[in-house]
Each structure stands twice: as structure tokens, then as C-alpha cells.
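Single-letter residue listing:
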Amino acid sequence: MLLAVIIFNFILLSLVPGDIADTLAGESGGASQEVMDDIRRTYGLDRPFHIQLATYVGKVLQGDLGTSYYFNLPVTELILGRVAPTLLLVVTALVLAILIGTLFGVIASRKPNKLFSHFVTVLALVGFSAPVFWTAFLLIVLFVAMLEIMPLSGLVDPTTPRGTLAWYLDVLHHLFLPVLSLSSIYLAAYSRLARASMMDVLGSDYIRTARAKGLGETTVTYKHALRNAVIPVITIAGLQFSHIFSGAVVVETVFTWPGLGTLAFESILRGDTPTIMGILFFSAMIVIIVNLLTDIAYRVVDPRIRSARNA
Amino acid sequence: MQTAAPLLEVEGLEVEFRTRQGIARVLDGVTLSLKPGQTLGIVGESGCGKSMTALSIMRLVPTPPGRIGAGAVRLKGENLLQASEARMREVRGKDISMIFQEPMTSLNPVYSIGDQIAETVRLHERLSRRASLERAVNMLKAVHIPAAERRVREFPHQMSGGMRQRVMIAMALACRPSVLIADEPTTALDVTVQAQVFDLLKEMQEKTGTAIILISHDMGAIAEMADRVIVMYAGRVVEEAATDEILESPKHPYTRGLIACVPHMEEQPPPERGALTEIPGVVPSLAALGAGCSFAPRCSHADDLCRRQAPQPFTVGTDRRTACWLYDEPGAP
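Chains as they are written, first to last, in our numbering: chain A, 1284 to 1594; chain B, 103 to 435.
Same shape as in the complex, but just chain A (with noise of 0.2 Å):
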């Protein structure tokens, strides 16, 4: 599965026209043509296609992503540097996607015509037609020009002294804007999703015995019924996860946000293959991580997975 991956990139990249050569070339204003050859002798592109195949495969199963061309550092280096601010976006702004969006999508489904309800249907149609970056903008002309009370870009601000409570705090600062545009979208599916799949619980036998049995209406709502009813909201989180990545790259350049996003974005302009390379790997092997999290969590909530997984 990795293996393909890492395949399919590298030739899916090799279609792409020009190489390191012509824009190193590029930004120093010109190169003859002995230069040229020079380089490519350097980064062994003279060589045959799948001569370079097989020695990029050989490494990457070595632990090697190779060297990025610009910053002239080992790949893994690169990304691992850059791999903690964007975890923390991603999986914050998911996060709080999840569990907003499910409390407001149970919150609806027990009153469908109600006020709330209708918020939450509008507010989903919002968020889900609203591009990220156009919703980070508007965040921004809010938050930073108009009530100026936030940060307009960075991960910190570099005069804060690192590791201290203040240093933390200020993450957190910077980290608000960027979490709430690239949450707000997902947010939206996600309490639609929930609402949907709590109204459709909240018909089923069940809840009608659960309510038989005496029990109150918030604890069938909340224990009865949410627990059937997130069973949809984890297959689409798992789903998500990778999707979440495009719209963290987005969302990552406009607050410039020094994170894999960002650095993916620079490296598609720098045409800095081993970089891209090394982040696409990287990014399905987290996609493949999150996929068997997702199993877990299945087994967590749902015991027919168990028993049918045991079996």
C-alpha cells in the first residue's frame, strides 16, 4: 500500500515539466548549458527513469526521504520540524468539529422544529458553501483590522521567551483564528451529520423501550441514542482526516502558519521534488494511521464490530 504510493508520486512528479536544474537556472538568472548538466549529474536525473525509481524507493525503505533541493536538509528532518504546528491545527480544529458539532447536532434533533434546529441548518449551509480562505479573510477583517484582539499570522510571536506559560498561552492566541476557519466548514457537516443520524436513532425501537423502562429523556438521548448515532459521525471523521490536510494547506498560508501546509505550498512553487515527495508519503502514512484509529474506535462503540471481527 505505502509502497504504491510512493511509486505512483514519484512517477506522477516525473510528468511534471522542468526539473531542479531548470529553476535553480531560473533564479540565478541563467545557466549554460554545461551548468545544467552539472547539476543533473549532481542529483543523478541524468539517469534512466526507473534507475531513479528504484534508488528513491531503496531509500525511503531505509528511513531516507532524500534531500530537499532548497533548503538543502534531509526531508524527514524537514517535515518532522514542521509536522508538530500543523498536528495541532488539524487535530485541534477536528477535534472541535467532532465533539461542537455532534452536541449541536443532538441538541437539534430533539427539537427538529424548534429555533435552534433551524440555526443549525442554516449555519450548516453556511459553513459548507463558504471556501476556507474566504471565511479566514473574513475572520481576519473581524478579528484582526476591526477588534484588532487577535494575531494576524504566525505560529507565536518570536519576542515571547520559549517554554514559558506566556509562550504557551500565545500559541493558543495564534492558533485561534486558524483553527476556527479550517473547524468552521467541518463543523457545519458534522452537526448536520449528527442531527440526521440522532433524529433517525431517536425513531428506532429502542429508544421507544428505553423510554418503556422509565428512563429519562437525557439519558435516552445521551446514552441511548448518542452512542448509536456517532457510529456515522467516526466513519466520516476517519474519511475526513485526509481531507482536513488539503484544507489545512489553505488555511496554513493565509495566517502563514509554519506548517507542513505551508511548506507544501512553497515547495510546489520551488518545484522541490524530494520535499513534496516526502510530504505526500508522509501524509499517507498518517491518513493510514487514522484509518486504523477509526477501527478502533468502531470496536470502542459498536460491539457487532467486535464479535464479527473476532469471529
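For the record, the hints were derived by calculation from the structure and aren't laboratory data. Backbone N, C-alpha and C fix where the C-beta goes; we use that ideal spot for every residue, glycine too. Incorrect hints may appear among the rest.
As the list claims (entries may be wrong) - With a cut-off of at most 30 Å between alpha-carbon atoms, the simulated DSS-like pairs for lysine-lysine come out as follows:
1. B:304 to A:1506
2. B:137 to B:196
3. A:1506 to A:1394
4. B:243 to B:304
5. B:137 to A:1506
6. A:1394 to B:196
7. B:137 to B:243
8. B:137 to B:304
9. B:243 to B:309
As the list claims (entries may be wrong) - Covered, in the sense of this in silico footprint (three residues per stretch, anywhere, with C-beta under 8 Å from a C-beta of chain A), are these stretches of chain B:
10. 110-118
11. 291-303
Start from chain A and add chain B according to the hints.
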């Protein structure tokens, strides 16, 4: 038995549903009474209001669109229709329990059956987790589930339909309710399993002395289980009598039709009647009921009076009632 005070009395119960076609009166003046330890059968076609009667007693009618308009439901003299929602939660599962038609979907798939039985016990009797689980095991043993200690940790999907209905019965009886409402408890089960479930209900009734309201469209099941029967049609009680009386001499034309419809295992059905009998026509739309008897359009005895005015239940003999003008003869007992 005849002299005992009624445990549960339903009087003039009216339930309406708002539909697109207008207001449908799904229950119209339903009256019944249940004595301790007795089994009362409710029969009728689909949509006649049997299940709605049960849900109204439990006050579980979905509102809106439903609304309990008038009447009284008295449990040991207390009118449940005027009780608070908190009081109703005490009653449900403790004084009145219910089992449903669909054992496959009536248990929550994500909790073990032990947890689901114990939950009721913990709620109503404030027992500890351990004590209530013990009760769950004992209840499973009582309903003849083999290896109850192991089964108590299993989940609904690991059990067959018959087993699940046993679990439902165990759950319903875990707090020793005085009334058990069984809404078509065997309709979704195999015939052989049906008999087992009925035997179990009888056995549990003997052990616990609980009164049962058995809802069914199956005259055979009613004949086997019930002491008294009420027959419902289009939201009204059309006949009420002891089971033997109703089987031997049904009074209301609808009841007669129902009993004639029960298939018989005969070598040679009489030539004037095929192997299967039916009542001609269909149940009318509840939103479009006129002033007359709702069975009149399908009744061979119907006359102008029937179409103009709905009959009130007339007492026939000593202890039976029927809502049909045929029994309004002057001087009739």
C-alpha cells in the same frame, strides 16, 4: 376474581393525531378494565388502535402529532393522564412494563443485555451495580435462557429473535410490575417459538401474579391466553366479553367476521366457504369517519340508523358489552 377491584381502568380515552388530511381520531372512547392477575386480550385489524391504546396507557404517544384528548387511565385509582412526567417515569418499567412486536430491534445494539436489564432495576430500585446485575442473571434464568451467567454479558446481535423476546420479557418483569403490556409479542417470531413465548408468559404470570394486556391480531393466541377480550375497530371498542363467550357466540358483526376468518385445519372446507374467509372491504380512513358506525360500510346488517348515528356500547347478558344497534332491542336484557 370477579369481585376484585380493578387494577387498571381506562375510561373514555380519546387520542387524536394531526395529519395532512385533517385530525384523525385514532382512539375514540376506549374503555377497558383489568383485574389483578388477569389477562386481557385486545384484538383487531392493523391500525384499529390496539398499539395506540397501549402507548396511551404508558403515556408514550408521540406528541406532537399525537394528543390525548379526553378520558382517564387509572392505575390503582391514580389517574395517570394527570400525573407529572416524573411520576410517569416512576410508573414506566416499575408498575407497568411493556414488550414490543419487534424483538430484533427493540434492544439497544450497543449495550449488553445484562446492562439493559440491570439499568431498569438500578433506576427503579436503587440497587448497586452488582446487585442489579445479579438480578439480571436471575431474570435470565427465570425466562429459561441457558448459561445465563455467560449470556448476561452478550449483546443483542448474538441472540436469535426468540431469545431476544425472552430478554425483553426478563427486562419487563425485572421490577415485578403489576401490569405487563405485550404488544404483538410473537408476531415477528416463528410459529414454534411463538408457542414457547406464550408458555413463558403464562408461567411468568403464575410466578409473579402480574396482569397482562395481550395485544394481538391473532384470535388463536387470544383464545389460548386471555381471560377477557376486547375487540377494537377503527379506534373504538366494539365488543367486550369473556374469551369463551366471544369465541362461542360473538355478537358484533365485526367480531363474527374476525372469528370466521380464523383458518381451520379441516380436511374438506365446506363448499360455501373456501379455505380462507375474509371480511369484505377495508378499514376506513380515520380522518374521514362520519357520524355513523364506522363498521357500517362493511356490515351486512347495516341500515339507515347505523349510517346516521354511532351506537353506544350496549350491555348484553351480565358481563359483556357490544357497540351495535342490533342489541338495542327494547326489552333486551
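Outcome of the hint check:
Under the criterion of a C-alpha separation no larger than 30 Å, the hint pairing residue 304 of chain B with residue 1506 of chain A is inconsistent with the structure, at around 33 Å. A distance of roughly 18 Å separates the Cα atoms of residue 137 of chain B and residue 196 of chain B; the hinted pair therefore holds under the 30 Å criterion. Distance hint between residue 1506 of chain A and residue 1394 of chain A is fulfilled; the C-alpha atoms sit about 18 Å from each other, no more than 30 Å. Distance hint between residue 243 of chain B and residue 304 of chain B is fulfilled; the C-alpha atoms sit about 16 Å from each other, no more than 30 Å.
With a C-alpha separation of about 36 Å, the suggested pairing of residue 137 of chain B with residue 1506 of chain A is violated against the 30 Å cut-off. This hinted pair checks out: residue 1394 of chain A and residue 196 of chain B have alpha carbons roughly 28 Å apart, not beyond 30 Å. The suggested pairing of residue 137 of chain B with residue 243 of chain B holds, with an alpha-carbon distance near 28 Å, which does not exceed 30 Å. Taking the CA atoms of residue 137 of chain B and residue 304 of chain B, the gap is near 16 Å; set against the 30 Å cutoff, the hint holds.
At most 30 Å may separate the alpha-carbon atoms for a hinted pair to count; residue 243 of chain B and residue 309 of chain B meet this at roughly 13 Å. Check on the region 110-118 of chain B: 0 of its residues sit with their Cβ under 8 Å from a Cβ of chain A, so the three-residue criterion for coverage is violated. Closer than 8 Å: that is the beta-carbon criterion, and the region 291-303 of chain B has 0 residues meeting it against chain A, so the requirement of 3 is violated.
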